[in-house]
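Given only the sequences and the hints, what does the whole structure look like? Please build it.
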Amino acid sequence: MKEFSDEELERYSRHIILQDVGIEGQEKISNSKVLVIGAGGLGSPVALYLAAAGVGEIGIVDGDVVDLSNLQRQVIHATADIGVPKVLSAKAKMEAINPNTKVTVYQKFLDASNILEIVKGYDFVIDGTDNFSAKFLINDACILANVPYSHGGILRFGGQTMTIKPHESACYACVFDSPPPANAIPTCSSAGILGAVAGMLGTIQAAEALKYIVGMGEPLYNRLLTFDAKTMNFRNVNFKKNPKCRVCGGEGIKEIKDYEAVVCEAKL
Amino acid sequence: MKLTINGDSKEIKDGIVLSELLIIENVEMPEMVSVQLNDEFLTKEEHAVTVLKAGDEINFLYFMGGGA
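These protein sequences, in sequence, are chains D and A. If you count by numbering that gives the first Met the number 0, then the first sequence holds residues 0 to 267, one letter each, in order. If you count by numbering that gives the first Met the number 0, then the second sequence holds residues 0 to 67, one letter each, in order.
Calculated from the structure, these hints are not laboratory results. The structure presented is a predicted model; accordingly, all values stated were derived computationally and were not measured. Glycine included, each C-beta is placed from N, C-alpha and C at the ideal position. Incorrect hints may have been included.
In silico DSS-like pairs for lysine-lysine, Cα to Cα no more than 27 Å straight-line [what the hints assert, rightly or not]:
| id | chain 1 | residue 1 | chain 2 | residue 2 |
| --- | --- | --- | --- | --- |
| 1 | D | 119 | D | 32 |
| 2 | A | 52 | D | 240 |
| 3 | D | 253 | D | 107 |
| 4 | A | 9 | D | 32 |
| 5 | D | 164 | D | 253 |
| 6 | A | 43 | D | 256 |
| 7 | D | 240 | D | 253 |
| 8 | D | 164 | D | 119 |
| 9 | A | 43 | A | 9 |
| 10 | D | 32 | D | 107 |
| 11 | D | 107 | D | 256 |
| 12 | D | 229 | D | 256 |
| 13 | D | 239 | D | 256 |
| 14 | D | 256 | D | 32 |
| 15 | D | 243 | A | 52 |
| 16 | A | 43 | D | 253 |
| 17 | D | 229 | D | 32 |
| 18 | D | 32 | D | 101 |
| 19 | D | 210 | D | 240 |
| 20 | A | 43 | D | 240 |
| 21 | D | 253 | A | 52 |
| 22 | A | 52 | A | 1 |
| 23 | A | 43 | D | 239 |
| 24 | D | 164 | D | 32 |
| 25 | A | 12 | A | 1 |
| 26 | D | 243 | D | 119 |
| 27 | A | 9 | D | 239 |
| 28 | D | 92 | D | 32 |
| 29 | D | 243 | D | 164 |
| 30 | A | 43 | A | 1 |
| 31 | A | 52 | D | 229 |
| 32 | A | 9 | D | 243 |
| 33 | D | 210 | D | 164 |
The following label-pair restraints were derived from C-beta to C-beta distances [as the list claims (entries may be wrong)]:
| id | chain 1 | residue 1 | chain 2 | residue 2 | range |
| --- | --- | --- | --- | --- | --- |
| 34 | A | 3 | D | 254 | 39 to 47 Å |
| 35 | D | 235 | A | 52 | 49 to 57 Å |
| 36 | A | 56 | D | 4 | 36 to 44 Å |
| 37 | D | 77 | A | 3 | 44 to 52 Å |
| 38 | D | 181 | A | 25 | 17 to 25 Å |
| 39 | A | 7 | D | 94 | 44 to 52 Å |
| 40 | D | 237 | A | 52 | 19 to 27 Å |
Below you can see the structure in the form of C-alpha cells.
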C-alpha cells in the first residue's frame, strides 16, 4: 500500500475526487507499470498523459531520433530536440511533468529477439508503432506473455483502436489475421496524417490503459472503435474472439517470429 | 434486398456474393479488407462463395498501420 505525500494528494486530486478512481484507484495507477512502444504520434500523447496521471513506471521504446517532420504531431518533442534520441527527449518531458514517475528508456526497435523479455515486465502495453510487422509482433508477444494491450492505428484523418485482454477478448489477429502484402500499399509518410488525429487516438489509448489499471468502465474489448475526423463519425464494430485465430485460437502460437517489414496503409 | 453496410442501411440487388458487393461498394484493394458478416469474420476464400441475403449486416474493417 502506498502512502501519498501531500504533494501527490494535491497533484492527483482531480483523479481522487472521481468516484470510480478515489485513493484506491490512484494507488493502483501509482503502482502500475506501462510500456509505451513508439515515441511518435501516438506514443507522445500517451506518454505525456500517463506520466501526468502518475503511472508508477513507464517504459518507452523507440530506436529513432527526432526529425523536423515529426514535430507536426509528435507533441512530446520540441524543436530543440531535433537529432536527439526520441526516448531521451520523451523521458525529459515526462519527468518534467511528473518527477514521481519512473521512466525507463529502451533506445532500440523491438524484434522477436527482445520483445518478450521487455513486455513481460509490464502490466499493460501501448502499441504506438507505425508498421504492420511491429503491430502483429506486439500482438503475438502480448498474447504469449499474457499482458493486456491497446492496439492503435491512424491514417490520414482516421483512427482505429481496440483493447486486448489475452485469451479472454479478441486479439488483433482475430480481426486482421496477418500483415497485408508489402507491395499492395503506399507508405504512411506518403499517405499523410492530420497531426491532431494522432492526439485523438493516443488519448483514447491512454484512457484505456488507465481504465484497465483502475478496473473501471468498459474497456474496448471485443470491439474496434474507428473514427473519421473529417465527418467526426465514431463507430464501434463488435466481434467475438475467433476460435480459429492464428494467434490466440485453438493451439495458437507457441513462439515469437519476426514478420516481414511492411509499412503502413489502406484506405479509410 | 436491404443490407446493413458499415452501420448504414442500403438497397442492393438480390442474390449477389460478397466479392460482388466489394466491387459495388467501391472497396479499394478488397484483398486487404477484413469482412465481418453477421458477427463472423470471413476468410478471403469465402468472399467469392458467400451469397448475401436480405437483412445481412456487413462490416468492412480496414488496416490502419500508422502511429508515428
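Evaluated hints:
Distance check on the hinted pair: residue 119 of chain D and residue 32 of chain D sit about 11 Å apart at the alpha-carbon level, within 27 Å; holds. Note on residue 52 of chain A and residue 240 of chain D: the hinted pairing holds, with a Cα-Cα distance of about 25 Å set against a maximum of 27 Å. With a C-alpha separation of about 25 Å, the suggested pair residue 253 of chain D and residue 107 of chain D falls inside the 27 Å cut-off, and the hint holds. With a CA separation close to 47 Å, the supplied pair residue 9 of chain A and residue 32 of chain D exceeds the 27 Å bound.
Between the alpha carbons of residue 164 of chain D and residue 253 of chain D the distance comes to roughly 18 Å, so the proposed pair stays at or under 27 Å and holds. The hinted pair formed by residue 43 of chain A and residue 256 of chain D meets the criterion: a straight-line CA distance of about 23 Å does not exceed 27 Å. Of the supplied pair hints, the one linking residue 240 of chain D and residue 253 of chain D holds, its CA atoms being roughly 18 Å apart against a limit of 27 Å. The hinted pair formed by residue 164 of chain D and residue 119 of chain D meets the criterion: a straight-line CA distance of about 14 Å does not exceed 27 Å.
Pair hint residue 43 of chain A plus residue 9 of chain A holds up; C-alpha atoms about 23 Å apart against a cutoff of 27 Å. With a C-alpha separation of about 19 Å, the suggested pair residue 32 of chain D and residue 107 of chain D falls inside the 27 Å cut-off, and the hint holds. Proximity of residue 107 of chain D to residue 256 of chain D is assessed by CA-CA distance (about 18 Å); at most 27 Å being required, the pair is judged to hold. The hinted pair formed by residue 229 of chain D and residue 256 of chain D fails the criterion: a straight-line CA distance of about 37 Å is larger than 27 Å.
For the given pair, residue 239 of chain D sits about 25 Å from residue 256 of chain D by alpha-carbon distance, which is consistent with the 27 Å threshold. A distance of roughly 25 Å separates the Cα atoms of residue 256 of chain D and residue 32 of chain D; the hinted pair therefore holds under the 27 Å criterion. Distance restraint check for residue 243 of chain D and residue 52 of chain A: the Cα-Cα separation of roughly 25 Å lies within the 27 Å cut-off, and the hinted pair is therefore satisfied. Between residue 43 of chain A and residue 253 of chain D, the direct Cα distance comes to roughly 25 Å. Compliance with the 27 Å bound is thereby established for this hinted pair.
With a C-alpha separation of about 35 Å, the suggested pairing of residue 229 of chain D with residue 32 of chain D is violated against the 27 Å cut-off. Only pairs whose Cα atoms come within 27 Å are accepted, and residue 32 of chain D paired with residue 101 of chain D is accepted, the gap being roughly 9 Å. Using a Cα cut-off of 27 Å, the hinted pair residue 210 of chain D and residue 240 of chain D holds, with the two alpha carbons roughly 21 Å apart. Between residue 43 of chain A and residue 240 of chain D the CA atoms are separated by roughly 18 Å; this keeps the pair inside 27 Å, and the hint holds.
Annotation: proposed proximity of residue 253 of chain D to residue 52 of chain A is violated, straight-line Cα distance about 39 Å (limit 27 Å). Restraint check for residue 52 of chain A and residue 1 of chain A: the C-alpha separation of about 8 Å stays at or below 27 Å, so the hint holds. For a cut-off of 27 Å, the pair hint linking residue 43 of chain A to residue 239 of chain D stands: about 18 Å separates their Cα positions. Taking the CA atoms of residue 164 of chain D and residue 32 of chain D, the gap is near 16 Å; set against the 27 Å cutoff, the hint holds.
Note on residue 12 of chain A and residue 1 of chain A: the hinted pairing holds, with a Cα-Cα distance of about 9 Å set against a maximum of 27 Å. Only pairs whose Cα atoms come within 27 Å are accepted, and residue 243 of chain D paired with residue 119 of chain D is accepted, the gap being roughly 25 Å. Using a Cα cut-off of 27 Å, the hinted pair residue 9 of chain A and residue 239 of chain D holds, with the two alpha carbons roughly 25 Å apart. Distance hint between residue 92 of chain D and residue 32 of chain D is fulfilled; the C-alpha atoms sit about 18 Å from each other, no more than 27 Å.
Between residue 243 of chain D and residue 164 of chain D the alpha-carbon distance is near 17 Å, which keeps this suggested pair within the 27 Å criterion. A C-alpha spacing of about 23 Å is found between residue 43 of chain A and residue 1 of chain A, which places the hinted pair at or below 27 Å, so the restraint holds. A distance of roughly 32 Å separates the Cα atoms of residue 52 of chain A and residue 229 of chain D; the hinted pair therefore is violated under the 27 Å criterion. Our distance criterion of 27 Å between C-alpha atoms is broken by residue 9 of chain A and residue 243 of chain D, whose separation comes to about 31 Å.
The straight-line distance between the Cα atoms of residue 210 of chain D and residue 164 of chain D is roughly 13 Å, inside the 27 Å bound, and the hint therefore holds. Range check, residue 3 of chain A to residue 254 of chain D: Cβ separation about 40 Å, and the 39 to 47 Å hint holds. Separation of residue 235 of chain D from residue 52 of chain A is about 24 Å and departs from the stated range, judged on CB atoms against 49 to 57 Å. A C-beta distance of roughly 53 Å is found between residue 56 of chain A and residue 4 of chain D, which places it outside the suggested range of 36 to 44 Å.
The supplied range of 44 to 52 Å is met by residue 77 of chain D and residue 3 of chain A, whose beta-carbon atoms lie about 47 Å from each other. Evaluation of the 17 to 25 Å hint for residue 181 of chain D and residue 25 of chain A yields a pass: the beta carbon distance comes to about 24 Å. Distance hint check: the CB atoms of residue 7 of chain A and residue 94 of chain D are about 47 Å apart, consistent with the given range 44 to 52 Å. In this structure the hint that residue 237 of chain D and residue 52 of chain A lie 19 to 27 Å apart at CB holds, the actual value being about 21 Å.
The structure shown violates the earlier hints numbered 4, 12, 17, 21, 31, 32, 35 and 36.
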